[in-house]
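J.: What follows is each chain in one-letter form.
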Amino acid sequence: MPDALHLTETFLIELARTRGLALDPARAAALCPQVESLLGRLARFADLLPADTVPAPPAPVPSGPNSFAPGSSAPNPSAPGSSAPPAPHPAP
Amino acid sequence: MSAGALAFLSAAELGRRIARGEVSPVEVVGELLGRIERLDPGLGSYLLVTGARALDEARAAGTEIAARGARGPLHGVPVALKDLFDTAGVRTTAGSKILADRVPARDAAVVERLRAAGVVLLGKLAMHEFAYGTTTTSPHRGACRNPWDRARVPGGSSGGSGAALAAGLAHLSLGTDTGGSIRIPASACGVVGLKPTFGRVSRRGVIPLAWSLDHVGPMARTVEDAALLLNAIAGPDPEDPWCADVPAGDFTRDLERGARGLTIGVPERYFFEGLEPDVAAAVRAAVATLGQEGARRTAAEMPHVTEAHTALHAILAAEAGAYHAPWLRTRAEDYGEDVRRALELGHFIPAVEYVNARRMQQIVREEFVAALREADVLVAPSLPRTPPAIGEPMSREPGRAWNRLMTPANLTGLPAISLPCGFDRAGLPVGLQIIGRPFDEATVLRAARAFERATDWHERRPPGTG
Chain F
0 MPDALHLTET
10 FLIELARTRG
20 LALDPARAAA
30 LCPQVESLLG
40 RLARFADLLP
50 ADTVPAPPAP
60 VPSGPNSFAP
70 GSSAPNPSAP
80 GSSAPPAPHP
90 AP
Chain V
0 MSAGALAFLS
10 AAELGRRIAR
20 GEVSPVEVVG
30 ELLGRIERLD
40 PGLGSYLLVT
50 GARALDEARA
60 AGTEIAARGA
70 RGPLHGVPVA
80 LKDLFDTAGV
90 RTTAGSKILA
100 DRVPARDAAV
110 VERLRAAGVV
120 LLGKLAMHEF
130 AYGTTTTSPH
140 RGACRNPWDR
150 ARVPGGSSGG
160 SGAALAAGLA
170 HLSLGTDTGG
180 SIRIPASACG
190 VVGLKPTFGR
200 VSRRGVIPLA
210 WSLDHVGPMA
220 RTVEDAALLL
230 NAIAGPDPED
240 PWCADVPAGD
250 FTRDLERGAR
260 GLTIGVPERY
270 FFEGLEPDVA
280 AAVRAAVATL
290 GQEGARRTAA
300 EMPHVTEAHT
310 ALHAILAAEA
320 GAYHAPWLRT
330 RAEDYGEDVR
340 RALELGHFIP
350 AVEYVNARRM
360 QQIVREEFVA
370 ALREADVLVA
380 PSLPRTPPAI
390 GEPMSREPGR
400 AWNRLMTPAN
410 LTGLPAISLP
420 CGFDRAGLPV
430 GLQIIGRPFD
440 EATVLRAARA
450 FERATDWHER
460 RPPGTG
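Chains F and V are the protein sequences, given in the same order. At position 70 of the first sequence (counting the first as 1) the number is 69 in numbering that gives the first Met the number 0, and the numbers step up by one without a gap. At position 356 of the second sequence (counting the first as 1) the number is 355 in numbering that gives the first Met the number 0, and the numbers step up by one without a gap.
These are computed hints drawn from the structure, not numbers from a lab. Heads up, some of the hints might be wrong.
[Claimed, not checked] Coverage of chain F stretches by chain V, computed from C-beta distances (three or more under 8 Å per stretch; other residues unrestricted):
#1 6 to 17
#2 21 to 27
#3 32 to 42
Note that the structure is a prediction, hence the values are computed from the model and not measured. For each residue, glycine too, the CB sits at the ideal point set by N, CA and C.
Could you put the whole structure together from the sequences, leaning on the hints where they help?
T.: As structure tokens, then:
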């Protein structure tokens, strides 16, 4: 189990700056516990995930007798090109 | 006909009357516009009412139906859309200040399909800013209010849809659901909301929140209306690369088959923990009702469901942070504080943690699919509590988050519906959630309709909406 995470406001401010985000000390102080909490929970996944677990495909695979219209051909769970997310819309 | 009678007809019944020439679309739109003018100032469910345009569309629908008959069951029926769906020539803002003046040139794919079905567009509905929140309280426009208690939130992010349907200000609506945003307002407002399987409905022309988790789905006052709306919008779309190549079929086909022969899985762990007592009582009574209707009950166990909320939180925050990064750099002050903070959080998630969240997604999905080999559907509460007061702080932590019972269906991509199953002692609605197998919305709708048919919760109306 990884050690408990302790982030400093300065670290968050510097990290934000590398991403072009302006984070003042008050905002960093408010964010710190939320980031620590989420990363702390995510760190536990390393112990829970079997090594052979692959990331989930975008859509679940149809299953069950009523999952698609009778007489249809074998369904393809995602269309060609499924490795790419839809184009951002609208462009920021 | 009494006041509000047209407004509270089901869309299916209204469509039948319009097709038979007993009611004109203009008459219906006129009644709804009058109700919106009278009731919506106290609710704030509409961001934009396209009244003149709606009357034009209603006149055109009436003329066409009189000349050639109705195109289908929704021809001439009014629909209002969450303000996340692109509507050609009609402002689409995502409830934000950043897109306040944005007018798309093209309809979203689902809007094109609705227009082909002949619906009349009434306007655009309030939502949590950029769909990133569960209250529909806006720093830019104020709060959308719950028709059952106007001091409380309608849920979100599709809160305007829930409020407008409950108050009889629209017959149908479309919402989006990334972490519960269709089912939360459906539960909180006492209406029906269906999140279809991931990939069942195109998202082309829908402003994204998180590409791998966003779902588009119907909101309505009855299960049949939700099925009719899904019929109109479902199916492959080559313009959305993650829209599945799976035929849609007719989702009304099995509606009246009843609960006999169905096996319902009841996941006691996680889904029935930490509930308000009145919520627990209503949902357990609903499970018993399905049993009385002939369903067989079995236990359901998904050991990693406790990790679902954290995995979803990480994926959502990272993807939303990526999409919004350009605006966050240049217009951060134009976001509401809660949304800005959630977007900033996404920038501090390491890539390894994002990938591990996607791996956990696969484990949770496999466990749900395995449970659904033993059961046709899983039955659970929609929300652990009834809607909070406007302004009450909302937590995103897994143990306390209002949407924590919703997020597993987003993470797994499985179809899930919320429908009314009772009220708490304060008169606030309680929702029943039914989760199904991948692309088996038909069985989810069948189970939901079996419950609806055995009860009258869906016939109750909020005070002051007559």
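J.: It remains to establish, for every hint, whether it holds in the given structure.
T.: Verification of the hints:
| no. | hint | in the structure |
| --- | --- | --- |
| 1 | 6 to 17 | holds (count 3) |
| 2 | 21 to 27 | holds (count 3) |
| 3 | 32 to 42 | holds (count 8) |
Comparing the model with each earlier hint shows no violations; every hint is respected.
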